[in-house]
Amino acid sequence: MASTDTTTAVEAGAAGPGKAGDLAGLEAGLDALETVQPGRPPLRETLVRKVLPPVTAVVLVLVVWQALVSFGVVDDPTKLPTPADVWGEIEDAWLQGTLLGYIWTSVSRGLLGFLLALVIGTPLGLLVARVRFVRAAIGPILSGLQSLPSVAWVPPAVIWLGLNDSMMYAVILLGAVPSIANGLVSGVDQVPPLFLRAGRTLGATGLRGTWHIVMPAALPGYLAGLKQGWAFSWRSLMAAEIIASSPDLGVGLGQLLENGRNTSSMSMVFLAIFLILIVGIAIDLLIFSPLERWVLRSRGLLVKS
Amino acid sequence: MATALAKAADGTAAVEHAARIEHVSKSFAGPTGRQLVLDDITLDVAPGEFVTLLGASGCGKSTLLNLVAGLDAPTAGSITTDGRPALMFQEHALFPWLTAGKNIELALRLRGVPKSERRARAEELLELVRLGGAYGKRVHELSGGMRQRVAMARALAQDSGLLLMDEPFAALDAITRDVLHDELTRIWRETNLSVLFVTHNVREAVRLAQRVVLLSSRPGRIAHEWTVDIPHPRRIEDTAVAELSVEITEQLRGEIRRHGQH
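These protein sequence lines are chains A and B, in that order. Quick note: full-length UniProt numbering has the first sequence finishing at residue 305, numbered continuously throughout. Quick note: full-length UniProt numbering has the second sequence finishing at residue 262, numbered continuously throughout.
Calculated from the structure, these hints are not laboratory results. Keep in mind it's a predicted model, so treat the numbers as computed, not measured. No residue lacks a Cβ here, since even glycine has one placed at the ideal position from N, Cα and C. Watch out, some of these pointers could steer you wrong.
As the list claims (entries may be wrong) - Derived DSSO-like pairs (lysine-lysine); straight-line CA-CA distance at most 30 Å:
#, chain 1, residue 1, chain 2, residue 2
1, B, K137, A, K227
2, B, K115, B, K102
3, B, K115, A, K227
4, A, K50, B, K137
Stated by the list, open to error - Quick partial rundown of chain B residues pointing at chain A, CB under 7 Å, derived from the structure:
#, residue
5, L87
6, E91
7, E127
8, R211
What the hints assert, rightly or not - Listed next, with one range per pair, are the computed distances between beta-carbon atoms:
#, chain 1, residue 1, chain 2, residue 2, range
9, A, S289, B, G260, 14 to 20 Å
10, A, L286, B, H232, 57 to 63 Å
11, A, S108, B, R111, 44 to 50 Å
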């Protein structure tokens, strides 16, 4: 049956060889007409549009800061150190070899805590998104938890776990897990129903549907959740480090800030705040933004500006 | 294509119908009680047959396709198909996180085709829809017509004997649509595929089908049926296509008019 069908097709083709060729050529022409090749903007333009504005903003802040001190608007160095004082503080810490230690103590805690939150938050988010009972049961609590400042978890964590690293991780988890889970839930909720129908007709149901269709389709929302989850991890950790200090814990950026306050060294306080800010921005710029842009671009969702 | 044809040939010996729809009714809960959408539909699609379902809005043609696809269950009656039918939508429904080739490979993978064979099979299917170079292309890099052809290749990758098409060309421009009509006819004739094609475009129905089934609206019932024996290749401008289209349109308008009378 099939072979006869093929023969008829071949015969039809042989009867009108020009026709078959016409159709192929016609299609190739249409395809060529309707496809656009996007170009890459030149490097100079990227520099002017993407790099120049933030650099200008930073320079402006430094100028205003220096002016405040130079023109005597604030003349108490214990309230506002000069940019040079803070730079000196950075240099000292670098020369003493402690600078990277401060950063690493906090960053390693933050990243490990974040990874734990990822491992817990992802299945939790999937459960809430896919199982109606679970959603009704803990969905509202999970989104409510996001608005609870994670610093509120520090006192109970200290009482339960004592002044140690586990307490830090507990605070990070309580701050970051809801964000990650909620991001995934909203990602899943925004999956177009058409994809689910298409997936089902292809045979992707149950766990296979979750793995092949739901998860990849929800990836943009999930990534946004991860990004926020990192911000929450970092903030929670800083809260924990500032409040709970103990010699056993080592000096992270939070303790550095607290030490600055205790020794009335405003330049150390500034240094700590800068480092906390810079680490937060750097992790976002180095990890999450490229990941997000790659995902969006590969799906044609990022319009080149 | 060889494996697909061989399998279809084996299948046809045992199966008399690509799809058998028997006394199917479907109702949904609506604001004014239960709403009957499909009323006692009986329709067979023979292996290798091309049937179009034609009707105005509210005739339940998409609902019927969903039932045949197994995405929904009928309220009454029964539907039997030979395996899980492939389904094409008005939107291409390709997954944007995969390349064109990987979209097809996903269909193959979900059907249990071993990894070693998927790539070659996907390339073959892309060749079939004349998109040989598109394997690594992302969905957004393809034009509307190319996307629908990849969607067609993905549907064919399911290696189902029955292809359900839900107004697959309605969103395309007229030039592209006309070319895809040729393309679909060619593929249908080259393979042993049965097609159940839903449309509200009379000319399209006549241009493509061996049999045109007209559905009345609210509730959807089979109102009339035509056998189209115009030889291929057909063109949308053919006199024979136009004449039959006029006849069918008259009937369709009659069906629509009935709704204005009460």
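Here is what the structure says about each hint:
With a C-alpha separation of about 29 Å, the suggested pair K137 of chain B and K227 of chain A falls inside the 30 Å cut-off, and the hint holds. Simply put, K115 of chain B and K102 of chain B have alpha-carbon atoms about 12 Å apart, close enough for the 30 Å limit, and the pair holds. With a C-alpha separation of about 34 Å, the suggested pair K115 of chain B and K227 of chain A falls outside the 30 Å cut-off, and the hint is violated. Straight-line distance between C-alpha atoms of K50 of chain A and K137 of chain B comes to about 28 Å, which keeps the hinted pair within the 30 Å bound.
For L87 of chain B, the interface hint holds, the least distance from its beta-carbon to any beta-carbon of chain A being 4 Å, beneath 7 Å. Residue-level restraint check for E91 of chain B holds (minimum Cβ-Cβ distance to chain A is 6 Å; threshold 7 Å). For E127 of chain B, the interface hint is violated, the least distance from its beta-carbon to any beta-carbon of chain A being 11 Å, above 7 Å. Checking R211 of chain B against chain A: minimum C-beta separation of about 18 Å lies over 7 Å; hint violated.
Between S289 of chain A and G260 of chain B the CB atoms are about 58 Å apart, so this pair departs from the stated range of 14 to 20 Å. Distance hint check for L286 of chain A and H232 of chain B: the Cβ-Cβ separation is about 60 Å, which falls inside the suggested range of 57 to 63 Å. The hinted range of 44 to 50 Å is satisfied by S108 of chain A and R111 of chain B, whose Cβ atoms lie roughly 46 Å apart.
Hint check: violations occur at hints 3, 7, 8 and 9; the rest are consistent with the structure.
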